[in-house]
Structure formats: structure tokens, C-alpha cells
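Hey, can you work out the whole structure from these sequences and the hints?
Just so you know, the protein sequences line up as chains A and B, in that order. Using the numbering used here, the letters of the first sequence correspond one by one to residues 982 to 1407. Using the numbering used here, the letters of the second sequence correspond one by one to residues 4 to 183.
Calculated directly from the structure, the hints in this document are not laboratory data. Owing to the predicted nature of the structure, the values given are computational and were not obtained by experimental measurement. Worth double-checking, as some hints may not be accurate.
Said to hold, decoys possible - Facing chain B, from chain A, some residues (calculated, C-beta under 10 Å):
#, residue
1, Ile988
2, Ala999
3, Leu1003
4, Asp1004
5, Val1007
6, Asp1010
7, Ala1013
8, Ala1014
9, Leu1074
10, Asn1250
11, Thr1287
12, Ile1312
13, Leu1314
To be verified - Every beta carbon over 10 Å from chain B, so not counted as near; a handful from chain A, in silico:
#, residue
14, Asn989
15, Glu1002
16, Phe1256
17, Ile1382
What the hints assert, rightly or not - As a list, the in silico BS3-like pairs of lysine-lysine whose alpha-carbon atoms are at most 30 Å apart:
#, chain 1, residue 1, chain 2, residue 2
18, A, Lys1360, A, Lys1210
19, B, Lys72, A, Lys1079
20, A, Lys1317, B, Lys72
21, B, Lys86, A, Lys1402
22, B, Lys28, A, Lys993
23, A, Lys993, B, Lys72
24, A, Lys994, B, Lys148
25, A, Lys1346, A, Lys1081
26, B, Lys150, A, Lys993
27, A, Lys1079, B, Lys28
28, B, Lys72, A, Lys1081
29, A, Lys1081, B, Lys86
30, A, Lys998, B, Lys86
31, B, Lys86, A, Lys1316
32, A, Lys1005, B, Lys150
33, A, Lys994, B, Lys88
34, A, Lys994, B, Lys150
35, A, Lys1360, B, Lys150
36, A, Lys998, B, Lys28
37, B, Lys72, A, Lys998
38, B, Lys148, A, Lys993
39, B, Lys28, A, Lys1005
40, A, Lys1081, B, Lys28
Glycine is no exception: its CB is placed at the ideal position from the N, C-alpha and C atoms.
So the chains spell out like this:
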Amino acid sequence: MRPSDNINELIKKLQLKASAELDKRVHDDISAALTKSEKTKSVQPEPNIWRTIMKSKIPKLAAAAVIIIAVLIGLNVIDVFPNGSGVAWGEVLNNVQKIKSCIHRMRLTVTTGPEKTQDINSTLYRSTEYGIRRDSYFKDELISKLYIPAEGNTGVELVPSEKKYVEAVFTDEQIKEIAQKNDLKELVKEFMRYNNYTKLDSKTIDGIEVEGIEVDNEQFGAALFERGKGRLWVAVETDLPVLMELEGVSAGGSVQINMVVDEFDWNANLQASDFEPNIPSDYTVMAKVDLSGSVEAVIKGLRGFTQITAGQYPSNLDIMTTSQEIREAFIALRKKQGRSLDEKPTKEEMENILSIQGACMFYGKLVKENKDVAYYGDKVTAQDVDKVLMRWKISDNEYRIIFGDLSTLDVSAEKLAELEKPVLEQ
Amino acid sequence: MLEDKLLIWKFNRGNRNVLRGIYEKYKDDLVTLAAALLNDVSSAEDVVHDVFVSFVESSRKFRLTGTLKGYLATCVANNARNKNKARRTHRGIALDQASPAQMDSNSPEFHAIFGEELRQLSRALGQLPYEQREVLLLHTYNGMKFKAIARQQSVSINTVQGRYRYALDKLRSMLNGEIK
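Here it is, written out as C-alpha cells:
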């Protein structure tokens, strides 16, 4: 074949290699530009100014711990997606599942009354290979660095202002689930699992054309709040999330929660060292808590709660309600004891504050798995030894009960109906 | 395509570090394009370097549209065109009056990289008028549509298609030995 027979094919075969010298020149210029950019950035004011009227260290510490669970929620998947729009909704989850790492921002605002707003601004680093890291800021202060490894069963949360750290124990199964599913995908799945979504008008966010859906369902975010709704905005160009907005109420409506997840840096270049806690030698342990979601951990969490509240249980086992109620109870207890709110919680007190999250995790898991779970913390106290505090299905015709005195019993459905009757008639 | 979308996405979100990934992915194709346009590997690398320096200096508000490869090829072509024009002007010859560029595709460097057949092609390419060579390479090597090339060269699409046909005819003739 003569060269002229297929000139186009020949042209496509032309291939030079960039020299090492060019590589160095380009990479050096990029490095110099990045350094210059960082220096410029450092003298600019941060776009988001943290505001809070919460002054005491107690709510601050509780706030630091409160969202430890928010990164661990696992939810079911039902493949129901909107159709006929610019966004290929079926591709959104597929695209997110292909992501091996990302960095994003999460802003959590908890409002407990007029002028009682608490904001926590977090940066999350996620890697399917290395795990999760969350740096949280309260006002402008770094209050928490949370590390959950992809392997192993212990998460670590550093509290720099106190020079302390919390160790949280998970089961291997939980850690594996976190590594495999990565909770950001689970959050997207949570939006995708409902039939009764509402399609929102397209709009532009930071110059990016997006389309959105809104989910308003009583099961939405069940482990986070009593009743919630959310909006998911996805870029038309990439079919990847741009913004997630979650809002809900807890504690009978007295607590409002807004969560904004945005500023995604998909497939960010993350290293193993980004996920190593490297606990400083002068840090001491603040608490060791079991968040494995075992029945024992649930009972320990509930018992710890009653020690602060003089026998009361959380009215609801969503994380926001329990956090709010334990915080109020803790402050009330301090006042009753004549102790200053500035006095740091003891290790035992912190473990009581944090351990209730194990119960919340377990409750959320049962809801997710449709285990016919019921919880009566608003009607049952530690003194109600024979009343059903919580129950859930463990097999086709068998339920497990936790009574008011935290004893447990496995019973048939018929027996459960009999034992549960007094609570239901209250 | 997801990978390119992600690169564009990150770049548009102000992540300049992503330039390293873009550079690594397309550097060889861009150096090849620039070298084929300029017939000079050293100048080609200068062009690719300048393109990425411009990228680095772009503001966060900068937006990429279309394909990443097409955009980079256009940047390289524009830069190469300017460099070629400057070279001609320096030599006192207007671009549109320029005779075909003197090839350096006989150089040991080209010979080592390309086999005889490709070296022959490279030499022939160097004898095409610059605009014809540019159209042929952007369309064939980079897969750009005539419409996009017309926009890049600020001429009509008919002119671009004409340059493409002339370029192919001349190459065919040269490679068949009808024109030395």
C-alpha cells in the first residue's frame, strides 16, 4: 500500500512524546501558580462567617460529637428515578459510585429557638481506599477532626481546643459498609428511593446549570430527624450532584435542622496521610464509646442517658432529638449540682453524652431494614420496669423487647401485643 | 467521557491542580500537533508550555465548553499560528505569501521517532501552506469539525473544506512522487 492510499490513517499515527524538560517546566509553573494562589487566598476573608450565640464549652463539645453519626447513615436503595429531563437521573448514582475520592463541604445549622442558632461548618474528605475524615469548625475555631478508617474498627475524633480525643468503636461490618458504600452515595440514594419526589425548575448555581428534585417523605432521613425533606441538585453537564439541602425538625418541632452539602471536588487527589489521626502526645482520652449498634451498646447508651436525665429516656431516637435533649438535661444537671457550665465534663459524663449515639445508630438501622421498630421513650421512664420501651422484629413471628428497666425479652407477636397494650393506651 | 467531564468540572470549580492531570493526559497529542504545525519540536514544546501557562493564569471564572481535547487543540493551533506568523514576520515574509516551511523532518530526532513512512508524511506536511496544514491536522488528527475550525480561523466553512481538499490532494501528489 502506498503512503497516499490512506493519508488520514497515517496522520493519526503521528505521535511524539513530550520531553522530560517540558514536563518539568509545566509542572513547575503549575506549582508556582498554586503557591501564589494559596498565598493570595490566605489573606482573603473566608466567605462564610460562623455565627453562634452558644457560648459554653458543653454545647460546643456536644455539637462536635453530634454529627459523628451523620456520616454513618446507611439507607436502602430503590431504583426509581425521574425521567424526561436534562439530567440523566439514572446516571447520577452510577456516576457517584464511580467516584473513588472526593472533598466537599457540609454546613449544619441547628436552631433551637429565637436567636438560638448553632452552626457547624465541616470539610469532609472521603476515599474508598483510606476512609473518611471530617474537619469541623465552630465559629472560626477548629473544634473537631474525625477519622474513620476504611479498615479496622476504631474511629478517632480529635478535639483540639481540649487537647483530647474520643475513640469510637464500630463493628467490622459497619466499617466495611462505610468503606464499600461510602455514605455520600447513601445520601444520594436516600433522595433516589422515593416515588413521591417533586421535580424542581432548573437553575444555575455558581455558573453551573442544574436540575433538582425535592423529597418530602416521613421516612426521609429517619435517623437524622423526626420529619424531614431534602433537595438534590445535579449538574446537567456531568450528572453529578452540585448541592444537597436537607431540612427537618426534631424534638417535637422545637429543633430545626438545616444541612447543606456542596462544593464537591470529585476524584480529589487524596493521600493515605490525609486520613491518619496522628494523635499528639499531649492529648488525653476524653471518652471511649461503643457505636457498634449492638443491643449491649444500645442499652449502655440508654442507661447513660438516664444517668444525666434522672431516669428519662430520649423522646425520640433520632440523633438531633437525643442531642438536644441530652444537652438541655446536662445543663440542668449542672445547675442543680451548683457546678459551672464552664467546668469540663468528666470522662464518664462525656461517655454518657456520646454513647446514646449507639442507640440512635441502631434505631436508624432498624428503620432502614423495615424491622417493624417502635420506640416509646416519650411515655416510658427507667422506673417503668414492665413497660415496653422499644421493640423490633427479629424473625417472622418473634420480637425483641427492651423494657423500661433496660431488661430484654424475646416474645411472639401475640405476646408482644399483650405487653405493648399498656403503653399504647397511655 | 466521564473523566474529561470531571476534569472540566474541577477546572471550572477553580481547582488548578487538575491542570496536572489534563497536561499528563494530552501532552503527547498536543506536542505532536504543534510539531506537525511548526515542523520544529523545540518550538512545539514552547507552544504547549505557553498554552498551559495561560491555563494556570486563567481566572476562576473561566469556563470551558465543548470537548477538552478540541479546546486544547484550538489553543495550541492559535499559539502555533502566532508563533509561525512571528517567525515569518521576523524573516520579512507575510504569512499569506509564505512559501512552504522548510522541514526539519530530516533531522535525526524526527527520523528516530517516526518510521520512514511517517517521516515522509511529516516532510510532505511541512510543504503544505500553513492554513491548509492546520485544517488537515485539526480535522484529521484532532477530530475537530469543519465548523469549529472555521470559527477558529475566522473564515467560512467552505473555505475550510476547500483548504482540506487542497491539502489532501497535494499530500497525495507529494507522497506519490508527482511533486518533489
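Hint check results:
Taking 10 Å as the C-beta cut-off, the interface hint given for Ile988/A holds, the closest approach to chain B being about 5 Å. Residue-level restraint check for Ala999/A holds (minimum Cβ-Cβ distance to chain B is 4 Å; threshold 10 Å). Taken as an interface hint, Leu1003/A checks out: its beta carbon lies about 4 Å from the nearest beta carbon of chain B, inside 10 Å. Nearest Cβ of chain B to the Cβ of Asp1004/A: about 7 Å, under the 10 Å cut. The hint holds.
Evaluation of the Val1007/A hint against chain B yields a held restraint, the C-beta minimum of about 5 Å falling below 10 Å. Annotation: interface hint on Asp1010/A holds; nearest CB of chain B at approximately 5 Å, less than 10 Å. For Ala1013/A, the interface hint holds, the least distance from its beta-carbon to any beta-carbon of chain B being 8 Å, beneath 10 Å. Below 10 Å, beta-carbon pairs count as interface contacts, and Ala1014/A has one with chain B at about 4 Å; its hint therefore holds.
Checking Leu1074/A against chain B: minimum C-beta separation of about 13 Å lies over 10 Å; hint violated. For the restraint placing Asn1250/A at the interface with chain B, the shortest Cβ-Cβ distance is roughly 7 Å, inside the 10 Å limit, so the hint holds. For Thr1287/A, the suggested interface contact is broken, since its CB lies about 48 Å from the closest CB of chain B, more than 10 Å. Given the 10 Å rule on beta carbons, the hint for Ile1312/A is violated: about 42 Å separates it from the nearest Cβ of chain B.
Annotation: interface hint on Leu1314/A violated; nearest CB of chain B at approximately 47 Å, more than 10 Å. With a least beta-carbon separation of about 5 Å from chain B, Asn989/A fails to lie farther than 10 Å from that chain, contradicting its non-interface assignment. Residue-level check failed: Glu1002/A sits 7 Å from the nearest beta carbon of chain B, not beyond 10 Å. Every CB of chain B lies more than 10 Å from the CB of Phe1256/A, the least distance being 19 Å, so the non-interface label holds.
No Cβ of chain B approaches the Cβ of Ile1382/A within 10 Å, the least distance being about 49 Å, so the stated non-interface status holds. Of the supplied pair hints, the one linking Lys1360/A and Lys1210/A holds, its CA atoms being roughly 27 Å apart against a limit of 30 Å. Under the criterion of a C-alpha separation no larger than 30 Å, the hint pairing Lys72/B with Lys1079/A is consistent with the structure, at around 22 Å. A distance of roughly 69 Å separates the Cα atoms of Lys1317/A and Lys72/B; the hinted pair therefore is violated under the 30 Å criterion.
The straight-line distance between the Cα atoms of Lys86/B and Lys1402/A is roughly 88 Å, outside the 30 Å bound, and the hint therefore fails. At most 30 Å may separate the alpha-carbon atoms for a hinted pair to count; Lys28/B and Lys993/A meet this at roughly 17 Å. Our distance criterion of 30 Å between C-alpha atoms is met by Lys993/A and Lys72/B, whose separation comes to about 15 Å. A threshold of 30 Å between alpha carbons decides the hint, and for Lys994/A with Lys148/B the separation of about 19 Å falls inside it, so the pair holds.
Under the criterion of a C-alpha separation no larger than 30 Å, the hint pairing Lys1346/A with Lys1081/A is consistent with the structure, at around 25 Å. With a C-alpha separation of about 20 Å, the suggested pairing of Lys150/B with Lys993/A holds against the 30 Å cut-off. Annotation: proposed proximity of Lys1079/A to Lys28/B holds, straight-line Cα distance about 19 Å (limit 30 Å). A threshold of 30 Å between alpha carbons decides the hint, and for Lys72/B with Lys1081/A the separation of about 24 Å falls inside it, so the pair holds.
For the given pair, Lys1081/A sits about 41 Å from Lys86/B by alpha-carbon distance, which is inconsistent with the 30 Å threshold. Annotation: proposed proximity of Lys998/A to Lys86/B holds, straight-line Cα distance about 21 Å (limit 30 Å). A C-alpha spacing of about 78 Å is found between Lys86/B and Lys1316/A, which places the hinted pair above 30 Å, so the restraint is violated. For the given pair, Lys1005/A sits about 36 Å from Lys150/B by alpha-carbon distance, which is inconsistent with the 30 Å threshold.
The straight-line distance between the Cα atoms of Lys994/A and Lys88/B is roughly 27 Å, inside the 30 Å bound, and the hint therefore holds. Distance hint between Lys994/A and Lys150/B is fulfilled; the C-alpha atoms sit about 24 Å from each other, no more than 30 Å. About 73 Å separates the Cα atoms of Lys1360/A and Lys150/B, which puts this hinted pair outside 30 Å; it is violated. At most 30 Å may separate the alpha-carbon atoms for a hinted pair to count; Lys998/A and Lys28/B meet this at roughly 12 Å.
With a C-alpha separation of about 17 Å, the suggested pair Lys72/B and Lys998/A falls inside the 30 Å cut-off, and the hint holds. A distance of roughly 16 Å separates the Cα atoms of Lys148/B and Lys993/A; the hinted pair therefore holds under the 30 Å criterion. Pair hint Lys28/B plus Lys1005/A holds up; C-alpha atoms about 15 Å apart against a cutoff of 30 Å. A threshold of 30 Å between alpha carbons decides the hint, and for Lys1081/A with Lys28/B the separation of about 19 Å falls inside it, so the pair holds.
Checked against the numbered hints given earlier, this structure breaks hints 9, 11, 12, 13, 14, 15, 20, 21, 29, 31, 32 and 35; the rest are met.
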